[in-house]
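S.K.: One letter stands for each residue in the lines below.
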Amino acid sequence: MNTANIEQSAARRKRYLKSEAVKISFLAPAISLFIFAMVVPFFMGIHISFTDWNGLARDYNFVGLENYRRVFRTDDIVIPLKNTVYYGLMYVVGNNVLALSLALALNRAFRGRNFSRLVFFIPTALSPVLTAFVFTFIYKNLFNQLFGIQSLFSSTSTAMLGILIMALWHNVGINMLIYLAALSGIPRELTEAAIVDGAGAWRRFINVTIPLIVPAFTVCITLTLTAGLREFAFPLVATGGGPVRATETMSVYIYKFLFTYNKAGYGQAIAFLFMAFLLIVGFVVSRLLRRREVEA
Amino acid sequence: MLTGKLNRWLINTVVFAAAAVFLVPFYISIVTSLKSRQEVAENVLAFPARFMFENYAKAIEVTKLATSFKNSVIVTLVSTALIVLTSAMAAYVIARNYERRSSRCIEVVLLAALMVPFQIIMIPVYKLLKSVLLLNNLTGAILILVGTSIPYCTFLLIGFIKTVPRELEESAIIDGAGPYRTFWIIVFPLLKPIVSVLTVLYVLWMWNDFNIALIVLQKEAVKTIPIQQFYFFGEFTIDLSLAFASACLSLIPIVTIFLLAQKYIIQGLTAGAIKG
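Chains as they are written, first to last, in this note's numbering: chain A, 1 to 296; chain B, 1 to 276.
Don't take each hint at face value.
[Claimed, not checked] With a straight-line cut-off of 30 angstroms between C-alpha atoms, the simulated DSSO-like cross-links for lysine-lysine are: (1) A:K14 / B:K263; (2) A:K256 / B:K219; (3) B:K162 / B:K5; (4) A:K23 / B:K162.
[As the list claims (entries may be wrong)] Among the chain B residues that face chain A by a calculated CB cut under 10 angstroms, a handful are: (5) S29; (6) V78; (7) L82; (8) V108; (9) L110; (10) P165; (11) S250; (12) Y264.
Just so you know, these hints were derived from the structure itself, not from any lab.
Cβ atoms here follow ideal geometry from the backbone N, Cα and C, with glycine treated the same way.
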């Protein structure tokens with residue numbers, strides 16, 4: 001009887017181990033790829049940020065917190081930081097105002113509705129490189145022909161506006177779709193009740209529509225803010241950060257430390273401080289917006 | 001009543017005008033690609049006097065489109081397949097053992113990874129691939145693209161799998177099917193709604209990837225289309241009609257997929273938002 005018991009528990013143990021092995025085999029491909037592409041680089045990054053590695057050489061020295069200390073001692077970083085914050089705010093406001101306006105205009109039945117929706121949304125299919133190329137051409141040649149002005153990228157005061165316009169054209173469709181989905185979820189009765197109560201279009205918008213789509217605001221504002229603060233491809237391709245650093249965002253700045261200035265260690269330290277900055281901003285903003293959701 | 005009609009008419013006009021403005025870049029790309037060099041200089045908006053289709057033949061040659069096109073197709077297809085299949089397998093185990101602490105632990109790590117901006121791993125990825133001799137190598141690029149895409153893809157799949165009833169799998173196991181067979185024959189087909197959405201989205205994102213390819217694929221033989229164009233547009237801005245011809249050619253496959261799979265793309269992009 002005793003031996004039977006032992007045999008039984010051994011069999012159970014074997015079955016358990018086998019089912020665990022099966023589970024691990026399901027997880028292994030995804031987890032190992034994830035570790036290779038993100039976890040290992042993340043920890044390598046921590047290590048690099050404590051060294052003076054130049055991005056090419058085999059050997060480098062451990063410098064401790066020196067890189068981090070230097071970030072706070074120089075005012076070179078002020079320009080990209082200013083650019084990033086300025087662009088991020090303009091992008092959030094521009095994208096959400098435009099996306100919500102388009103969504104409101106499209107949230108009715110009319111001929112050409114589906115076609116218009118597609119038109120506002122299809123630029124997302126283009127790569128940032130192509131978008132930047134086409135817009136650089138438009139600014140340079142079409143704007144000159146139509147309005148007789150120089151390219152937006154030729155002046156430090158308008159270059160960021162040029163980046164903003166192409167980014168809005170490329171991305172506004174995504175938020176428009178999110179707002180459109182939220183708007184179509186508003187029950188008809190509520191709008192009708194407001195009309196019966198004599199509320200005009202503007203009052204209906206402020207008192208009925210807005211409170212009901214706060215969840216969409218949370219998603220769209222958080223997404224556009226973090227995307228805007230990370231902006232990389234458009235300025236890099238269109239202007240390379242110029243003219244005179246006018247469009248140099250933090251992401252472009254970090255990229256330059258590896259491939260232009262050969263100061264990978266220092267660039268990596270900036271990258272970590274930048275991540276901390278993004279996390280704090282993202283956390284605060286989504287906290288503020290979520291609180292509004294509960295109240296509404 | 002009359003003002004209502006007028007209002008509606010006014011809004012429609014504004015919408016159509018905005019749509020026309022949104023189409024201008026496409027119009028300019030196509031028209032410019034068919035013009036002679038002189039026509040481009042004369043008038044940007046005008047129609048070409050004669051369609052110069054030979055621009056396209058020349059563009060394919062000058063921009064080495066065949067190589068970059070092949071690279072882009074390989075990277076896009078292999079990455080998308082790996083992302084969706086490996087994520088589905090992992091998400092299945094995590095979702096079906098959700099009561100375990102280890103499952104939720106993995107999910108939290110994946111969520112945290114979504115917060116890490118690309119700039120953090122940009123420099124290390126370069127160093128890592130260099131040290132394992134996968135820099136300027138399509139395999140290296142694919143590994144990084146897949147690994148960085150897995151967190152979001154797995155996260156979405158976990159949420160979906162939780163809503164799929166277990167009965168079918170349980171009866172398959174009782175019928176004697178092994179775990180792998182059960183997953184691929186029974187469970188995976190049930191995931192079709194979300195898998196098709198994810199496949200289309202990742203095809204789009206992989207085809208247009210710029211950040212990772214920029215760091216990892218810098219040699220002529222391995223450049224994908226965005227990288228090839230990044231360097232080409234920088235070098236040869238003199239012959240604009242050729243650049244635009246190459247641009248239009250590279251657009252054809254992705255815009256076709258976009259038009260055909262519109263429904264899935266819209267679903268994918270709004271999925272997370274509606275629930276709120």
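S.K.: With reference to the structure, classify each hint as holding or not holding.
M.R.: Cross-check of the supplied hints:
1. A:K14 / B:K263: violated, 47 angstroms
2. A:K256 / B:K219: holds, 19 angstroms
3. B:K162 / B:K5: violated, 48 angstroms
4. A:K23 / B:K162: Satisfied, since the Cα-Cα distance of roughly 17 angstroms is no more than 30 angstroms.
5. S29: holds, 6 angstroms
6. V78: violated, 12 angstroms
7. L82: holds, 7 angstroms
8. V108: violated, 13 angstroms
9. L110: holds, 8 angstroms
10. P165: It is violated, given that the least Cβ distance between P165 (chain B) and chain A is near 19 angstroms, above 10 angstroms.
11. S250: holds, 7 angstroms
12. Y264: This interface hint is violated because 12 angstroms lies over the 10 angstroms limit.
Of the hints listed earlier, those the structure fails to meet are numbers 1, 3, 6, 8, 10 and 12, in rising order.
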